[in-house]
Amino acid sequence: MSTLFIRGPAITLRLLLLVGFSVAALVADQRYRALEGPRGLVLTLLAPMQAVADWPLGHWQRIEALIAARVTLIERNQQLQATNQQLAIQQQHFDTLVAENERLNALLGSVAISNLPVRYRLARIVQVALDPHFQQVQINLGSSDLVYLGQPVISSDGVFGQVVHLGRHTAQVLLITDSSHALPVINQRSGQRGVARGDGASGLLRLPFMPAHADIRQGDLLLSSGLGKRFPRGYPVAIVRSVVVPPGEKFAQVVAIPVAQPNQIQEVLLLWPEQSETDRVGDTNPARNSFDNNSAVLPRFQQIP
Amino acid sequence: MNNNDWLLIPVTLLLAFFTNVMALPNLLDLLGIDLLLLVIIYWCIRTPERVGVSVAWTFGLLADVAGGGILGLMALVYALTAYICLMLHQQIRMLPMFQQSLLMLVLLLAGKVVGYGLLVLCSRTPSPTFWVAAVIGALAWPLLCGLLRRWRKESVHLL
Numbered sequence: 000m001s002t003l004f005i006r007g008p009a010i011t012l013r014l015l016l017l018v019g020f021s022v023a024a025l026v027a028d029q030r031y032r033a034l035e036g037p038r039g040l041v042l043t044l045l046a047p048m049q050a051v052a053d054w055p056l057g058h059w060q061r062i063e064a065l066i067a068a069r070v071t072l073i074e075r076n077q078q079l080q081a082t083n084q085q086l087a088i089q090q091q092h093f094d095t096l097v098a099e100n101e102r103l104n105a106l107l108g109s110v111a112i113s114n115l116p117v118r119y120r121l122a123r124i125v126q127v128a129l130d131p132h133f134q135q136v137q138i139n140l141g142s143s144d145l146v147y148l149g150q151p152v153i154s155s156d157g158v159f160g161q162v163v164h165l166g167r168h169t170a171q172v173l174l175i176t177d178s179s180h181a182l183p184v185i186n187q188r189s190g191q192r193g194v195a196r197g198d199g200a201s202g203l204l205r206l207p208f209m210p211a212h213a214d215i216r217q218g219d220l221l222l223s224s225g226l227g228k229r230f231p232r233g234y235p236v237a238i239v240r241s242v243v244v245p246p247g248e249k250f251a252q253v254v255a256i257p258v259a260q261p262n263q264i265q266e267v268l269l270l271w272p273e274q275s276e277t278d279r280v281g282d283t284n285p286a287r288n289s290f291d292n293n294s295a296v297l298p299r300f301q302q303i304p
Numbered sequence: 000m001n002n003n004d005w006l007l008i009p010v011t012l013l014l015a016f017f018t019n020v021m022a023l024p025n026l027l028d029l030l031g032i033d034l035l036l037l038v039i040i041y042w043c044i045r046t047p048e049r050v051g052v053s054v055a056w057t058f059g060l061l062a063d064v065a066g067g068g069i070l071g072l073m074a075l076v077y078a079l080t081a082y083i084c085l086m087l088h089q090q091i092r093m094l095p096m097f098q099q100s101l102l103m104l105v106l107l108l109a110g111k112v113v114g115y116g117l118l119v120l121c122s123r124t125p126s127p128t129f130w131v132a133a134v135i136g137a138l139a140w141p142l143l144c145g146l147l148r149r150w151r152k153e154s155v156h157l158l
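From first to last, the protein sequence lines are chains A and B. Per numbering that gives the first Met the number 0, the first sequence runs over residues 0 to 304. Per numbering that gives the first Met the number 0, the second sequence runs over residues 0 to 158.
Careful: at least some of the hints might be erroneous.
Unchecked claim - Below, a sample of chain A positions facing chain B; criterion: calculated Cβ distance under 8 Å:
1) Leu14
2) Ser21
3) Val22
4) Leu25
5) Asp28
6) Gln29
7) Ala52
8) Gln126
9) Pro131
10) His132
11) Gln171
12) Ala200
What the hints assert, rightly or not - Short, incomplete list of chain A residues facing chain B, as computed with Cβ under 8 Å:
13) Arg13
14) Leu17
15) Val18
16) Val41
17) Leu45
18) Gln49
19) His164
20) Gly199
21) Leu203
Bear in mind the hints are in silico, worked out from the structure with no lab data behind them. C-beta atoms are modelled at their ideal positions from N, C-alpha and C, and glycine is treated no differently.
Looking at chain A on its own, in the form it has when it is part of the complex (with noise of 0.2 Å):
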């Protein structure tokens, strides 16, 4: 029987091999994010089983939508059409505001920093199964659909996450509350700056470094200040959660709760920001310099440093 012989020194050896290719995988992924082309290449071979995984579960929503009552349907629609009314008030005064900054802007002479991004595109939370030692999601957009690696994603809320793994259709978001995230918040009601960083699993974030002076009250809602360049600045990012102050400590512990809770979120935006003028002043690649709001054709990597 051919069983007798697998056994011995070339299975050993294989092993060996394997094992050292594991490794070598393992630090390259996670010490420099080197294999990021490899992956990619791989979760677009896995998307269509992905989308077959995610049928039952992701499309519950519409199935659900089919069955439900006209009474209901009626109910919610007039809901809707009552916010999209407030909404579309609130923009007219919006786009007063935004015309008005421009102006004093240009009357400090200061560089105006539009924060508004060129285009948005609605992304569906694919679901699947997924590690579950990262605070992460997969969306059904990929470098197809022009997504980019570390392109900010945020909610109808505030900020969501970026990008971290981009396949050709799909692509792995990491949530801002995941323990190997950090970004750059600023407190609108006393401007005082911080980083925000994930605490894994509690689905909480931390601002670590704070002075225990600092401005800082609980209830303060924290917004991205656009200091790291990948998220666009003033978004909502987090409340306040507690503000302790240790006895003898130099630092206060400042916890607070995001505003994009992970679990309520079916839909996410992809956001591809606007360079900042500051940014194009001596920026000798052409293709970012011809980037303005009219053109089709979005640069794939503009905000990949």
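Starting from the known structure of chain A, arrange chain B on it as the hints suggest.
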């Protein structure tokens, strides 16, 4: 030796991989059973000349990418587990089902220890159900064996 294992092996492996990819409702997700690893172990014991460390490693790597986790972690754990199974496949076949199940517990826990070490190295906190999955996997082993054995016999009749 079965004649149509060449069909059954890829089909069961892909099916198991599919269950790993599929998002399950919360309760089932908590069980965290790694069906793919169990199926790989089964084929390593039954047909060691066809399924070995390379197949295990490849599927581990696919699982790593699909889950968006640490690249190489599952691949390493799967390859090591498959290696032990290959080395002991004749002894394991002789064992009664209860002892096999016990052995699976030890084997899965050993894999979890390796996984734990790598997770901590990458400064990740293992999930609360991390260790429970090994126990549930060991409990599921007799069921899986029974199911696969039946499929193998039935597929012989089909041809």
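A quick look at each hint next to the structure:
Hint on leucine 14(A) holds. Least Cβ distance to chain B is approximately 5 Å, under the 8 Å limit. This hint holds: serine 21(A) has a C-beta 4 Å from the nearest C-beta of chain B, less than the 8 Å allowed. Satisfaction of the interface hint for valine 22(A) is found here, the shortest Cβ-Cβ separation to chain B being roughly 7 Å, below the 8 Å cut-off. A distance limit of 8 Å between C-beta atoms decides the matter here; for leucine 25(A) the minimum to chain B is near 4 Å, and the interface restraint holds.
Interface hint at aspartate 28(A): satisfied, since its Cβ lies 4 Å from the closest Cβ of chain B, which is below the 8 Å cut-off. For glutamine 29(A), the suggested interface contact is upheld, since its CB lies about 5 Å from the closest CB of chain B, less than 8 Å. Interface hint at alanine 52(A): satisfied, since its Cβ lies 4 Å from the closest Cβ of chain B, which is below the 8 Å cut-off. Evaluation of the glutamine 126(A) hint against chain B yields a held restraint, the C-beta minimum of about 4 Å falling below 8 Å.
About 4 Å separates the beta-carbon of proline 131(A) from the nearest beta-carbon of chain B, less than 8 Å, and the hint is met. For histidine 132(A), the interface hint holds, since its Cβ comes within 8 Å of a Cβ in chain B; the closest pair sits about 5 Å apart. The interface hint given for glutamine 171(A) holds, since its Cβ lies 4 Å from the closest Cβ of chain B, which is under the 8 Å cut-off. Taking 8 Å as the C-beta contact cut-off toward chain B, the hint placing alanine 200(A) at the interface holds, the least distance being around 7 Å.
A cut of 8 Å between beta carbons decides the hint on arginine 13(A): the least distance to chain B is about 5 Å, and the hint holds. Among the interface hints, the one on leucine 17(A) holds; its C-beta lies about 5 Å from the nearest C-beta in chain B, closer than the 8 Å criterion. The closest approach between the C-beta of valine 18(A) and any C-beta of chain B is roughly 6 Å, which is under the 8 Å cut-off, so the hint is satisfied. A least Cβ separation of about 4 Å between valine 41(A) and chain B falls short of the 8 Å threshold, and the interface hint therefore holds.
The interface hint given for leucine 45(A) is met, as the beta carbon of that residue sits about 5 Å from the closest beta carbon of chain B, less than 8 Å. The beta carbon of glutamine 49(A) comes within 6 Å of a beta carbon in chain B, closer than 8 Å, and the hint placing it at the interface holds. Taking 8 Å as the C-beta cut-off, the interface hint given for histidine 164(A) holds, the closest approach to chain B being about 6 Å. Annotation: interface hint on glycine 199(A) holds; nearest CB of chain B at approximately 6 Å, less than 8 Å.
With its C-beta approaching chain B no nearer than about 14 Å, leucine 203(A) sits outside the 8 Å limit, and its interface hint is violated.
Violated hints amount to a single one, hint 21; each of the other numbered hints is respected by the structure.
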